[in-house]
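Chain A is already provided as a structure; the job is to place chain B on it using the hints.
2 protein chains.
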Amino acid sequence: MALFARTPEPPYYAVIFTSQRTQDADDDGYGAMANHMAALAPNMPGYLGIETARGADGFGITVSYWTSHEAIAGWKRHSEHLVAQDRGKRRWYQHYELRVAKVERAYSGPAGR
Amino acid sequence: MALFARTPEPPYYAVIFTSQRTQDADDDGYGAMANHMAALAPNMPGYLGIETARGADGFGITVSYWTSHEAIAGWKRHSEHLVAQDRGKRRWYQHYELRVAKVERAYSGPAGR
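For the record, the sequence lines run as chains A and B.
Just so we're aligned, residue 1 is where the first sequence starts under my numbering, counting upward by one.
Just so we're aligned, residue 114 is where the second sequence starts under my numbering, counting upward by one.
Next up, chain A with everything else stripped away, as it sits in the complex (with noise of 0.2 angstroms):
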């Protein structure tokens, strides 16, 4: 189940990031810097799991684990980011909403899967 997050027992950070995304993204080199951007992530100290998905209507959701506010301060200043985060407010996502939360309870499912 590598699309599911690994993350430890509460209490940590979740940022949910939900964006449309413009009709041309994908021919505007989005994907490659969604790719590489999930390849540097995990390097992050205190990065937890990322979980993604995104319907054909374009839009989608992304939520990444942290253990620390200074843990999610640290990647949205990192430099790569800093450049992937301004190409797509100029040409990749329509509208977006971020938010940062704690987790506080979490759990699995079904039972015996």
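Think of the hints as simulated: they come from the structure by calculation, not from any bench.
Since the model is a prediction, treat every value here as computed from it, not as a measurement.
All C-beta atoms in this analysis are idealised placements derived from N, C-alpha and C, irrespective of residue type, glycine included.
One or more of the hints may lead you astray.
As the list claims (entries may be wrong) - Residues from chain A that face chain B, not an exhaustive set, calculated with beta carbons under 8 angstroms: (1) Ala14; (2) Asp27; (3) Phe59; (4) His95.
Quick look at chain B alone, frame taken from chain A:
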């Protein structure tokens, strides 16, 4: 932007539900139930909104937003939602992770759009 939840200023709560659907869930009543739940939830006390995305690989993320732990507990106990949860565990989900988190900060972008 109907796909985005119009949440108030934090703090509020997020239920992050990530799931891998079974291959035949769509032929097994999943879509109708998902639509029914999406129609019911907004009538619950403390409901703030919902965002959902699922890729062609069957991996999906649904985040629902609530005013309080009590509101989340009320929705969890709703009779028709209990039926949906049971069917999901038995038939529709290979695996899922459910996390309850307190949203502390939120941003929208890109600026000006």
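Q. Among the hints numbered above, which are violated by the structure, and what are their numbers in rising order?
A. Hint 2 contradicted; others consistent.
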